[in-house]
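A.B. asks: Below, each chain spelled out in residue letters.
Number of protein chains: 2
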Amino acid sequence: MVQKTGKPGSEPKRRGRPRAYEPDVALGKALDLFRKGGFAATSLDDLSAATGMNRPSLYGAFGDKRELYIKSYQRYRDDARAALSEVFRSELSLRKRLERIYAVALDMYLSGEDGPKGCFTVLTAASDAVHDPAIRAMVIDALSELDKAFARCFRLAKDKGELPEAADPVALGQLGSATIHTIALRARAHVPRKELEAIVRNAVGVMCGTAAK
Amino acid sequence: MVQKTGKPGSEPKRRGRPRAYEPDVALGKALDLFRKGGFAATSLDDLSAATGMNRPSLYGAFGDKRELYIKSYQRYRDDARAALSEVFRSELSLRKRLERIYAVALDMYLSGEDGPKGCFTVLTAASDAVHDPAIRAMVIDALSELDKAFARCFRLAKDKGELPEAADPVALGQLGSATIHTIALRARAHVPRKELEAIVRNAVGVMCGTAAK
DNA sequence: GGAATTTATTGCGAAATGGTACAAAAAACA
DNA sequence: TGTTTTTTGTACCATTTCGCAATAAATTCC
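Chains as they are written, first to last, in the numbering used here: chain E, 1 to 213; chain X, 1 to 213.
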């Protein structure tokens, strides 16, 4: 008896002028700009041009500039988690798993239509965190999440006998994170992928206990 | 016969109104601001207030805002090199030397009247490098310089028998740098010193081949 | 004492920035 | 057709930002 509500099972037809943008797509564009430029150097005109939305529409859809920044960074974290959690949980050997983790990370950091932009957490939010406690809390959370994921990964490898009894998963986890941070930094500085891959190879070798020692 | 030139062996007396600032001190203040805020979020009003110099004086003494930024970053690098090169060259054992290196780095990254500011290279210049090739070149140079210093350190330790024949000084050097980068990042995010020291301890253990394996 | 030199001060201009009010447009509904 | 609702588009505002011209101040030199 609700035939008047539009398509079966869907929301009632929205009144008013239709939106000229997709929120998800617009947020992705904003994310790209903020990741590259940080908060202060990314103007509302920049965001307006990238999203195709005028200023009032940006405010209506996302709130003020700071709120848009926070939503963008949150979106980045969600995307990164989605990309990485599957690899962290895979059933590969430790070495293979680490290799995959870093390959995914390199893809992320070296992506960008106009050049590599590194990691939003390491190169953008951490810088902006100085001015904003809420952003700092998000950065701390991101750092902690990554440390834990690596530690879990090493603990699992230890349980499976891939690492010696004396191995410390927490310490190795920190090393795993440090390698992410250093390649993010270098990617931002346009260090070529070959060099980054060499750094990864060496670090994986150390973490698996088969090289550099 | 040059008695008229002022004090013996010194420059001739400078004509004109005396300066109300010390260039070195002013540059140090500018450095502090830029390190914390980066280029875009640090305004000339901020710099003016911190240095006690009005805008025309800033321009007269240091050039435009970008030139001041570059001079500030260069000054930071000179200071960092001065602080670290002595430790890199010390005659301590490998472990002790690494410990000292990271202690000096932690002091640097945790310094600041109003909180820790991390590393200018990692957290500020690397971010700003996206917009300016000259800054990027300086960042690349800084990264490379640190990699080399660490590799030299490990090569020396290998020559002295502190590391096994199979040890790769370049790979370990990268790890040494990665540890610097990760503590810089975490210091910026206000991770407590205790935690940073634990990360350093674990990393040093891995690099010396005595722990976490 | 006056001229030359160097630096500080004041005020300003042009442009950029973040945010908002309001009118018009485009849809659903009665 | 008129009303209601939602979104777009335009114009505007107040403030900030960067850079600079002109003048005044403080020194040295002749």
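Keep in mind the hints are simulated off the structure, nothing from the lab. Don't take each hint at face value.
Which copy is meant is left open, so a pair is good if it fits within one copy or across any two.
[Stated by the list, open to error] Under the rule of at most 30 Å between Cα atoms (straight-line distance), these lysine-lysine pairs were calculated in the DSSO-like manner:
1) K148 / K194
2) K96 / K160
3) K13 / K71
4) K96 / K148
5) K148 / K158
6) K29 / K96
On a predicted model such as this, the values are computed, not experimentally measured, just so you know.
A.B. asks: Next step is simple, just say for each hint if it's right about the structure.
C.D. replies: Checked hints:
| no. | hint | in the structure |
| --- | --- | --- |
| 1 | K148 / K194 | both (28 Å within a copy, 18 Å between copies) |
| 2 | K96 / K160 | within (14 Å within a copy, 35 Å between copies) |
| 3 | K13 / K71 | within (27 Å within a copy, 60 Å between copies) |
| 4 | K96 / K148 | both (19 Å within a copy, 29 Å between copies) |
| 5 | K148 / K158 | within (15 Å within a copy, 33 Å between copies) |
| 6 | K29 / K96 | neither (33 Å within a copy, 48 Å between copies) |
Consistency with the previously given hints fails for number 6 only.
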